[in-house]
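2 protein chains.
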Amino acid sequence: MTFTQTLAAAWQKNNSLLCVGLDPDPAKFPAHLHGRDDAIFEFCKGIVDATADLACSFKPQIAYFAARRAEDQLEALIAHIHEKHPGIPVILDAKRGDIGSTAEQYAIEAFERFQADAVTVNPYMGRDSVDPYLAYPDKGVILLCRTSNAGGSDLQFLDVGGEKLYERVARLAAEQWNTTGQIGLVVGATFPAEIARVREIVGDMPLLVPGIGAQGGDIEATVNAGKTGKNATVKASGLMINSSRAILYAGKDENFAAAARRVALETRDAINLYR
Amino acid sequence: MTFTQTLAAAWQKNNSLLCVGLDPDPAKFPAHLHGRDDAIFEFCKGIVDATADLACSFKPQIAYFAARRAEDQLEALIAHIHEKHPGIPVILDAKRGDIGSTAEQYAIEAFERFQADAVTVNPYMGRDSVDPYLAYPDKGVILLCRTSNAGGSDLQFLDVGGEKLYERVARLAAEQWNTTGQIGLVVGATFPAEIARVREIVGDMPLLVPGIGAQGGDIEATVNAGKTGKNATVKASGLMINSSRAILYAGKDENFAAAARRVALETRDAINLYR
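Residue numbers (this note's numbering), protein chains in the order written: chain F, 1394 to 1668; chain R, 1394 to 1668.
Here chain F stands alone, though its shape is the one from the complex (with noise of 0.2 Å):
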């Protein structure tokens, strides 16, 4: 199955549009797990497991383990998770772009490596950059295009001829580099409107959306300026709504993995109000 199909399938089966974020911060974690070395893995597979039938993906952010030498454990967490919980894909939130023979060694890391289903890339370097993740064919490619921060519109929001920029690589995507179906879009949920003009410009294209929760975007805009299939006897779709700091730690205790779930459930639930 190609990642489009995978995600396709998870939205349906778990009746989920929320993309549970695993950015894991140990001095965040709850006292039980404090001093084991295997406390990134430990804290994560909780969360993984009490949400698992809420999501449509999971997003380790690899800046989380890298900074504590725990690719290991990122290792073992998405291979947790596709054993025990398959069908609910990978992305591996690296941003990662570079010239295409430094890209195959980056597409060797996220997809063979830690066995990512997506991984997230950033267009800066054009589209020779972006072709080597394009190679594994049953892979995602997430590109950047309109991030929620603040220096966000630092260039993404500049005028190139007529259009912004993001709306530029959102057209670049769609019309040029998107051959395969294979690529998706991030799109910060703090500018609903702008998630309106992507949608517009990308069909029917997967975006992912952080943003809310802990960063403050708004559900019922995000997802009415995003989702696809609004005449379709299916349930809309088209969205992966990222939310990490408010889903893990919701709880600072031995029962942090059954406060997750409540937030993810509630958080599931307040996406689909809308669809």
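Hints were generated in silico from the structure; no laboratory data involved.
Everything hinted at is true.
You can't tell identical chains apart in this list, so a pair holds if it fits in one copy or across any two.
With a Cα cut of at most 20 Å, we get these calculated SDA-like pairs of lysine to any residue:
1. K1477 with D1465
2. K1421 with G1493
3. K1421 with E1497
4. K1438 with L1658
5. K1421 with S1494
6. K1438 with H1427
7. K1557 with R1520
8. K1421 with I1501
9. K1532 with A1460
10. K1557 with S1546
11. K1438 with L1426
12. K1406 with K1628
13. K1645 with D1431
Keep in mind the model is a prediction, meaning the values are calculated, not measured.
Please build the complex by placing chain R on the supplied structure of chain F, with the hints as guidance.
Chain R in isolation, oriented as in the chain F frame:
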């Protein structure tokens, strides 16, 4: 010492603007290293020890290590450079780029875990994605500006109100983001006219210039376009001109390090002809 001071001292001490890029591909290693668990470290150590007095910096490309689960060998390599060749800065070529809270984690990865002196960063997400690296006052941040690959033009060459996007990145870096003198830029050697344009915008900011050697950039044109201090009493500098594959794979047998040294020496001296 700041990164810029360390680099300036290395330019002078080794009379060199040559940056030796470390992109270790085990398939290209000499036969006697095949099958060794530490082959990546041993190969790079051979190159480093043979060229350290000819280089102004080393630039390991992290993708080549990450693709082979060899972060430990990268840590050991950088530690070796600092111990045996103090004063030669290490630029971790990682092209990271993410929102502030994640960029903090990448900064820990680059500067605390790997002990790099500088890291390459992608500017697409704007200023607040760069700031966390600048929180380390003795470290450098080398922003992608104009890259040497074919697709580099897809975004970087777009007109943004009378200048190209890469010129805007250079201008933002020089006029707004570089308040602490820690920032440098990546400008590919395949476009000497654009190196000259960037130099015009950024004053004496250090430029990392990939693209000579295997990628075909012209040394004379590169140096003339990018050098600083043309009228000073010391030799012109301002550039880290990177060569990777042409040096690393100059030899194919046990004498690979001596072969690498010969090419590094030729390249350093070819650069020095035009300073």
